[in-house]
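Q: Chain order of the listed sequences is A and B.
Read in this note's numbering, the first sequence has 360 at position 269, and its numbers run on one by one without any break.
Read in this note's numbering, the second sequence has 377 at position 286, and its numbers run on one by one without any break.
Keep in mind that the hints are not guaranteed to be accurate.
[Claimed, not checked] In silico BS3-like pairs for lysine-lysine, Cα to Cα no more than 27 Å straight-line: (1) A:Lys287 x B:Lys416; (2) B:Lys334 x A:Lys354; (3) A:Lys416 x B:Lys334; (4) A:Lys349 x B:Lys409; (5) B:Lys409 x A:Lys409; (6) B:Lys202 x A:Lys416; (7) A:Lys354 x B:Lys332.
[Said to hold, decoys possible] Some chain A residues judged to face chain B by a derived CB distance under 8 Å, without partners named: (8) Val139; (9) Met218; (10) Ser220; (11) Lys234; (12) Ser363; (13) Leu366; (14) Ser393; (15) Gly394; (16) Asp400.
The set of hints was computed from the structure by calculation and includes no laboratory data.
Note that CB positions come from ideal geometry on N, CA and C, so glycine has one too.
2 protein chains.
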Amino acid sequence: MSIRIGILGYGNLGRGVECAIRQNSDMELAAVFTRRDPAGVSILTEGVPVCQIDDAAEWKDKIDVMILCGGSATDLPEQTPKFAEMFNVIDSFDTHARIPEHFANVDAAAKKGGKVGIISVGWDPGMFSLNRLYANAILPEGKDYTFWGKGVSQGHSDAIRRVEGVKDAKQYTIPVESALEAVRNGENPDLTTREKHTRECFVVLEEGADAEKVEEEIKTMPNYFSDYDTTVHFISEEELKEKHSGIPHGGFVLRSGKTGWEKENSHLIEYSLKLDSNPEFTSSVLVAYARAAFRLASEGASGCKTVFDIAPAYLSQKSGEELRKTML
Amino acid sequence: MSIRIGILGYGNLGRGVECAIRQNSDMELAAVFTRRDPAGVSILTEGVPVCQIDDAAEWKDKIDVMILCGGSATDLPEQTPKFAEMFNVIDSFDTHARIPEHFANVDAAAKKGGKVGIISVGWDPGMFSLNRLYANAILPEGKDYTFWGKGVSQGHSDAIRRVEGVKDAKQYTIPVESALEAVRNGENPDLTTREKHTRECFVVLEEGADAEKVEEEIKTMPNYFSDYDTTVHFISEEELKEKHSGIPHGGFVLRSGKTGWEKENSHLIEYSLKLDSNPEFTSSVLVAYARAAFRLASEGASGCKTVFDIAPAYLSQKSGEELRKTML
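Bound-form chain A, shown alone (with noise of 0.2 Å):
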């Protein structure tokens, strides 16, 4: 029997879900759920029903795992709570500084419902934050870096759309090659913002807009790019549209730390990505992270959950066993 999987929220991440799904032989798509008409929400899977998000809990018998692809700042703190004691649930919720508070709503409302929600799951927060705790559990006494990108940062592009004769835009960041090499090379490097990433922001002006103003805007914006070196490009709107619409990201993790009597042995233990689209590889990671909620809640399981609390087994379709035939 496959596990049922409902999508709630239907933009990049939740398309990104139902193309993970394809991908895992133990699993099926039962419903989407959304905000908008379902009438014109057309979906990839042939033959599944795309419903209005009010109707969900008339699913509550017929899917196993609800992934919740909503965003975080207002979609999640409300959802993810409702739905964790209806479903067994998945977010991507990622508003580092909110997590303990998130978790609490959570973990209150599985518990009531006899559920399992795991929260944070994508790749910062989820991979990184695994590879962090790992490298920390390992070297207790070292440094921890990390280094995000190259890759698009929705936030910061959405900053820029905001400003004055701006059409559109795209902003990459770029992590510095000799910062990461400094690490690498074991120097344990004092990093300031500036040091790290630099902002490279691809911009289309309004027409008759004042392209010099525009940029100092956009570089002395706070939090954004005044800590930061940033370069801004004017490019055609064809142009941004050709060279820089797809979704890519990625970054480093990086601990190093010594051991020995003495401290006199270094060591480096380095986590990276590279990632085409963002959203997909986040779906994916939800997707293994399903079949473990599944898992646990037919052990009997129920409560909040993140990365740190689920035994690595639970996100491979292979048994015990297979896994320490093949992988170990």
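Fit chain B to the given chain A structure using the hints.
A: Okay, now just chain B, sitting in the frame of chain A:
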């Protein structure tokens, strides 16, 4: 209260465990057990007894986790099941082909004694295995690559030392940079043994030995060298001591995979280690999993586990709340 650790076997690995314990404030070394005459074994930690291995049973209630630091060829297949009946145990059993059998033996013994045994802990098997599992679960359609080095292979160094005319030797396994790059570029190459690694040997000859004959014998040695491009350097005993006495190692685990409805997007997951001291890093992993064994046993678990079965949070000194706040 500290977690009381016993070390069984005091070679490079045992000494590494001793050093790692000092870096973990929630642990203390209770005793070291050796097959040698304890009077002849001096350890680094002051005030800790060195005992005969046959007296280990007397420590049943004074040790929370016994870390077995013997070899995989003959020590661990016998020791791990034997001691798993009395103690929670950790080992670094690394004969991949015999893991299923070892697992079964340790599982039966640990269940009989109501103890937890975690086997095959280290970096390969260990952290590399974990990364293979995570990457396969996330990207079900893709290709795995493992490269080792640059690092010293003890087995290959030993094999050279057995050649007639060789006084001493050190062998380095070196990943082929162009093969690594092809994988990173998403070319999904099919790589032969020869295309993945080269072998570099530093050899000290016995007086009067025939260098040409020794070189030929090394390069054509089946299993060890014949399938590789091997370089042999003859050096003096002093140079070997001076430049090649370390035990560095490391390697790379990569998985490249596709996502998307038409598999139109590529992704690369890479994990790598650069280690000054292979045994000290392995020891550091062993000690982190000793913490997990202690906690699992405290919760009433028993039987054999591998790194696949252990939720990451069990490895860390931090509480779930702290982990979510600082590392997620």
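Q: Answer holds if the nearest beta-carbon of chain B is closer than 8 Å to that of A:Asp400; otherwise answer violated.
A: holds (5 Å)
Q: Under 8 Å, Cβ to Cβ, is where A:Met218 needs to be relative to chain B, so tell me if that hint holds or is violated.
A: holds (7 Å)
Q: With the threshold set at 27 Å, check whether the alpha-carbon distance from B:Lys409 to A:Lys409 stays at or below it.
A: violated (31 Å)
Q: Is it true that the CA of A:Lys416 sits at most 27 Å from the CA of B:Lys334?
A: Violated: A:Lys416 and B:Lys334 sit about 38 Å apart, past 27 Å.
Q: Next item in the hint list is A:Gly394. Is there a CB on chain B closer than 8 Å to its CB?
A: It is violated, given that the least Cβ distance between A:Gly394 and chain B is near 11 Å, above 8 Å.
Q: Would you mind confirming whether the straight-line C-alpha gap from A:Lys349 to B:Lys409 stays at or under 27 Å?
A: holds (20 Å)
Q: Minimum Cβ distance from A:Leu366 to chain B below 8 Å?
A: Since chain B brings a Cβ to about 5 Å from A:Leu366, closer than 8 Å, the hint holds.
Q: Using 8 Å as the Cβ threshold, decide whether A:Val139 counts as touching chain B.
A: Not OK, violated: A:Val139 not within 8 Å of chain B, min 14 Å.
Q: Between A:Lys354 and B:Lys332, is the straight-line Cα distance small enough, at 27 Å or below?
A: holds (21 Å)
Q: Need the status of pair B:Lys334, A:Lys354: alpha-carbon distance at most 27 Å?
A: OK: B:Lys334 and A:Lys354 at ~20 Å, within 27 Å.
Q: Can you confirm whether the C-alpha distance between A:Lys287 and B:Lys416 stays at or below 27 Å?
A: holds (23 Å)
Q: Double-check A:Ser393 for me: the hint is only fine if its C-beta lies closer than 8 Å to a C-beta in chain B.
A: Not OK, violated: A:Ser393 not within 8 Å of chain B, min 16 Å.
The structure fails hints 3, 5, 8, 11, 14, 15 (numbered hints given earlier, in ascending order).
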